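J.: Please model the complete structure; the sequences and the hints are all you need to start from.
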Amino acid sequence: AQSVAQPEDQVNVAEGNPLTVKCTYSVSGNPYLFWYVQYPNRGLQFLLKYITGDNLVKGSYGFEAEFNKSQTSFHLKKPSALVSDSALYFCALYNNNDMRFGAGTRLTVKP
Amino acid sequence: NAGVTQTPKFRILKIGQSMTLQCTQDMNHNYMYWYRQDPGMGLKLIYYSVGAGITDKGEVPNGYNVSRSTTEDFPLRLELAAPSQTSVYFCASSSTGELFFGEGSRLTVL
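Which chain is which? The protein sequence lines are X and G, in order.
Read the first sequence against the numbering used here and you will find it ends at 111, with the numbers running on by one and no gaps.
Read the second sequence against the numbering used here and you will find it ends at 1110, with the numbers running on by one and no gaps.
A portion of the hints provided could be inaccurate.
From the structure, some residues in chain X lie toward chain G, with a derived Cβ separation under 7 Å [said to hold, decoys possible]:
| no. | residue |
| --- | --- |
| 1 | GLY29 |
| 2 | TYR39 |
| 3 | PRO40 |
| 4 | PHE46 |
| 5 | LEU47 |
| 6 | TYR50 |
| 7 | ASN97 |
| 8 | PHE101 |
| 9 | GLY102 |
These are computed hints drawn from the structure, not numbers from a lab.
Quick caveat: nothing in here was measured; it's all calculated off a predicted structure.
By construction, the Cβ of each residue, glycine as well, lies at the ideal position given by its N, Cα and C atoms.
T.: Written as structure tokens, this is what we have:
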């Protein structure tokens, strides 16, 4: 069975500081991992994905994620947070036509 | 390019009523999905389809039905609405793993 976990319900950072949103996964075989962002009353929007290759993946809006196979993690990062980054972030794991989502982490960036 | 379109955006149902949530995509994607989103629970997969005429159950299929007669359309039907089905429903489509989502349909069952 596959699963994905986001251990933090809420992450608070100050504008200009680096941010990290954590994600861990469990799957047999190679993982296909994704990050999505959701703004209020909207559908989810794709940020980035890891399929294979470099462990550091760059995505939209300056976000990047680091795939770590030994720690089964795929943490989302950004060097300098913006107030407009405040949103709900979801990690997702794709395997065999099934995309499983974490419970989400609410990121709040304060001015 | 409309992407994924869901209707209605909002609906209130009485217990026992039935309704269909519509989903249409214009990207010619083979894969389509229905999720429900409950507060603090992330998204749970209800049903998915890998192509016209093919559907399969996800994590939480009970109380729902789907059909996929065309590549574009993937309606979700609730036959006997229950308060537990109060949620926000998202339809999504995909061709290469990355999902494209609709804006969501907020359903309240009273």
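J.: Would you check whether PHE101(X) satisfies its interface hint, that is, whether its CB is within less than 7 Å of any CB in chain G?
T.: Hint on PHE101(X): holds, closest Cβ of chain G at ~4 Å, below 7 Å.
J.: Min Cβ distance, LEU47(X) to chain G: is it shorter than 7 Å?
T.: violated, 10 Å
J.: Hint GLY102(X) vs chain G: min CB-CB distance below 7 Å?
T.: Hint on GLY102(X): holds, closest Cβ of chain G at ~6 Å, below 7 Å.
J.: Against chain G, with CB atoms and a cut of 7 Å, does the hint on ASN97(X) hold up?
T.: holds, 6 Å
J.: Would you check whether PHE46(X) satisfies its interface hint, that is, whether its CB is within less than 7 Å of any CB in chain G?
T.: holds, 5 Å
J.: At a threshold of 7 Å, is the proposed contact between GLY29(X) and chain G supported by beta-carbon distances?
T.: Not OK, violated: GLY29(X) not within 7 Å of chain G, min 14 Å.
J.: Holds or violated: is there a CB of chain G closer than 7 Å to the CB of TYR50(X)?
T.: Since the shortest Cβ distance to chain G is 10 Å, the answer is violated.
J.: Does the CB of PRO40(X) sit less than 7 Å away from some CB of chain G?
T.: violated, 11 Å
J.: For the hint on TYR39(X), does the least C-beta distance to chain G fall short of 7 Å?
T.: Constraint on TYR39(X) not satisfied, violated at 11 Å.
Figure legend: structure checked against the earlier numbered hints; hints not met, in rising order: 1, 2, 3, 5 and 6.
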